[in-house]
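A.B. asks: So you can see what is in the structure, the chains are spelled out below.
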Amino acid sequence: MKNFFFVAAGILFWVIATAVVSAQLQPVPATAPEIFKQFAANVVKIEVVETGSAAKASVGTGFRADARGRIVTNYHVVSKLIHSPERYRIDVTDESGQTAPATVLGVDVVYDLAVLSAGGPAKSFLSFEPKPVEQGTRLYSLGHPRDLGLTIVEGTYNGLLKHTLYPKVHFTGSLNPGMSGGPTLTHGGKVVGVNVATEGEQISFLVPAERALALLERTAKQESAPAGGFLAEVGRQIHANQARYLDGMFAKPAPSVILGPYSLPTKPTDFFRCWADAVRRKELPYVVVTHDCSTDDNIFVSSEQSSGIVRFYHQLLSTAELNPAQFFTLYSSQVQAGNAAMFGNEEEVTPFRCQTRNVQSVSGKFKAVLCARQYVKLPGLYDAVLRGATLGARNVGVVTTLSLSGASFENVQLLSRRYMEAIQWRR
Amino acid sequence: MAPLGYLEIIDAKGHVAERVRIDEFPITIGRAYGNHVVVDDPYVCPRHAAIEPDGQGRVIARDLDSVNGIHIRAGGKQVADLEVGSGAEFRIGRTWMRYRSVEHPLPPTLVDREGGESRLASAYALAGAGVLLIAVLCLDSYLSAVERVTAAKIVSEPLTTVVMLLIWCGAWALASRIVVGRFHFSPHAVIASGALIAVFMTNTAAEWTEFLFPIIPALRIAGILGTGVVLAAMLYGHLRFASMMRRSSRLWSALAVSVAVVGASWIWDYAGRSKFSNVMEFTGIVKPLDAALLPAVDIERFVDNSQKLKTDLDALAQKAKASQP
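Protein chains in written order, with our numbering: chain A, 1 to 427; chain B, 1 to 325.
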């Protein structure tokens, strides 16, 4: 009898629990279908077509953003055309299946946005959300994931990223390739942001709506490509951007971190994130302590090239067991490590050229290597890697590396100087 | 009685294969056993030619109505008779020969500086070179060990090198045995060990040079020139024991092979270099040295120097841009 009671109670509990859980899993009442029905007509598929073969080279999404019928999308959706306007054209297909050719009116390479025009004035368009959105608000993202047809994805608004120089909306929902350039809407159908990137597992990012609005306003009078084409415009924007965000970086007094006897630069601004770790394994007769800082404002230039990242890292090597010759064999290999191939092809970048010297600073001497390459299509912009390795000690040393991408040579020189001056140690 | 002269049969390599003493004129040459000089050559007639004075103080070779005649070296022309007293080579059938009078002038006697048993062949030299090489290899293995290692590991690492060296010396010894009749293993081993030690020393010197003066591409220079010189010296030494060549021809052969090897590696390097690469090429060699002894430039100078880097890159970018459609 007692057993029967327990079994009955168990069954009852299970039934209630199942009911509660399934109630929680039920979708929010039918707003997604309504939003789709109401706003899908303003969302278009954007295809970049290779004119030679008349086949599409890439697919993205865009949306009509004003009465003139102008379309907002991502720069990276149309970047192939920007780089080789003679080889590609853009086709825009709306919900009814009608296709029209499009022209680029403006780009914002830093925020990854582009404005296009296709056909005449729009019967309807999407407007931008003027009010701030609360964290946790339900959002609806529209786009063409992997060219599988227009799709709606639900997710939540999780504020602006705090560690980046340029604001990005953190959208918790599954964006997929092809949805780039599509709108993410509130319940009321107002655009909160433009789909731009994903880091998988529902971590996705949107360009804030006001950036798209700013580009629309800036290009309101634009009818055709600017002087020198859009590629020159991209170069000017990256140039202006690097001048802005590198300004003052590593200037004295620079924040520093102490690693062994060394004082080294760390987190120069809020938009850097730093990580540290150490390798202290019993079987190894030495210890490696690493400190790694990087920005997270990657600029998409082309599918083969990205720009805008500043990264620096320190590796402190020390030993109590190895003799100086052995330690310096290890140290030399660490100094040379990582000079392996970098990303980039012959059309976009020159090969690297390097300069190596032993350098005297206020604290002592170190080996310095500066390697740089130039962007072929965007003159005046360089990638550079500066590596320093402190000298003079017998069983300890630090290898430090600063890498810049898409910087002017003046900034490469200025930041190299400041960075080297910031490496200090007690003797 | 003193001989009047000699008839010399020349082999394919130009060496004297047979020397026949001439005590009286005329002498006859042919395949038949009745001749003074019997030649086993199916293209030679039983009585082919005769050698005799012509009465005017000259010695001539005369064709005895043979099928294939007498041919001279220059132009391969067929002649009925030929003045041979000056030592000119001639051919009957397919056999080359020449007449040598007893007054034929000789080159001066060579001074033999390398005769007798070489010092490199002594047991002391072999032991010395072997011990030095193994010591150098073990030291290198020990100083470049960056993990905890046992003595056995440090000793075992150079073993591969030693085995390769023994194979190399074995090949040279075999060549020596074939060409000069003796193995000469010991001097070959001493020479190869010496070369290996020299390569090690050159490389170490280049590493230090490049560390002290990064502006000098010492490793690349040592890689090409150093290797070339050591290779030439090693070949010169090996040939001393594996051939009968004279000094000068040994030197030229060694240099020619060494230049060919260095040239080939340079071409290889150049062919690889002309392709586009994203690799940053620098040598980050650092050495344990008191900082006071290290030549250095200040930060300002380093940064100013980088202007040259920019000039190079601008030129590269221009070139790349020009080559694009």
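The hints are simulated quantities; they were obtained by calculation from the structure and are not laboratory data.
One should not assume that every hint holds.
[Said to hold, decoys possible] Lysine-lysine pairs mimicking PhoX-like chemistry, simulated, CA-CA at most 25 angstroms apart:
| no. | chain 1 | residue 1 | chain 2 | residue 2 |
| --- | --- | --- | --- | --- |
| 1 | B | Lys308 | A | Lys365 |
| 2 | B | Lys153 | A | Lys377 |
| 3 | B | Lys287 | B | Lys321 |
| 4 | B | Lys319 | B | Lys287 |
| 5 | A | Lys190 | A | Lys162 |
| 6 | A | Lys80 | A | Lys123 |
| 7 | B | Lys321 | A | Lys80 |
| 8 | A | Lys190 | A | Lys131 |
| 9 | A | Lys37 | A | Lys131 |
| 10 | A | Lys80 | B | Lys319 |
| 11 | A | Lys123 | A | Lys252 |
| 12 | B | Lys275 | B | Lys310 |
| 13 | B | Lys287 | B | Lys275 |
| 14 | B | Lys319 | A | Lys377 |
| 15 | A | Lys365 | B | Lys287 |
| 16 | A | Lys252 | A | Lys267 |
| 17 | A | Lys282 | B | Lys153 |
| 18 | A | Lys377 | B | Lys13 |
| 19 | A | Lys80 | A | Lys365 |
| 20 | A | Lys56 | A | Lys80 |
| 21 | B | Lys308 | B | Lys319 |
| 22 | B | Lys321 | B | Lys308 |
| 23 | A | Lys190 | A | Lys37 |
| 24 | A | Lys377 | B | Lys275 |
| 25 | A | Lys377 | B | Lys310 |
| 26 | A | Lys267 | A | Lys162 |
| 27 | B | Lys77 | B | Lys13 |
[Said to hold, decoys possible] With the Cβ distance kept under 7 angstroms, some of the chain B side facing chain A (calculated, not the full set):
| no. | residue |
| --- | --- |
| 28 | Arg247 |
| 29 | Trp268 |
| 30 | Phe282 |
| 31 | Leu294 |
| 32 | Val297 |
| 33 | Asp298 |
| 34 | Lys310 |
| 35 | Asp312 |
| 36 | Lys321 |
Note that beta-carbon positions come from the ideal geometry of N, C-alpha and C, so glycine has one too.
A.B. asks: Where does the structure disagree with the numbered hints, that is, which hint numbers, in rising order?
C.D. replies: 2, 3, 4, 6, 11, 13, 18, 19, 28 and 29
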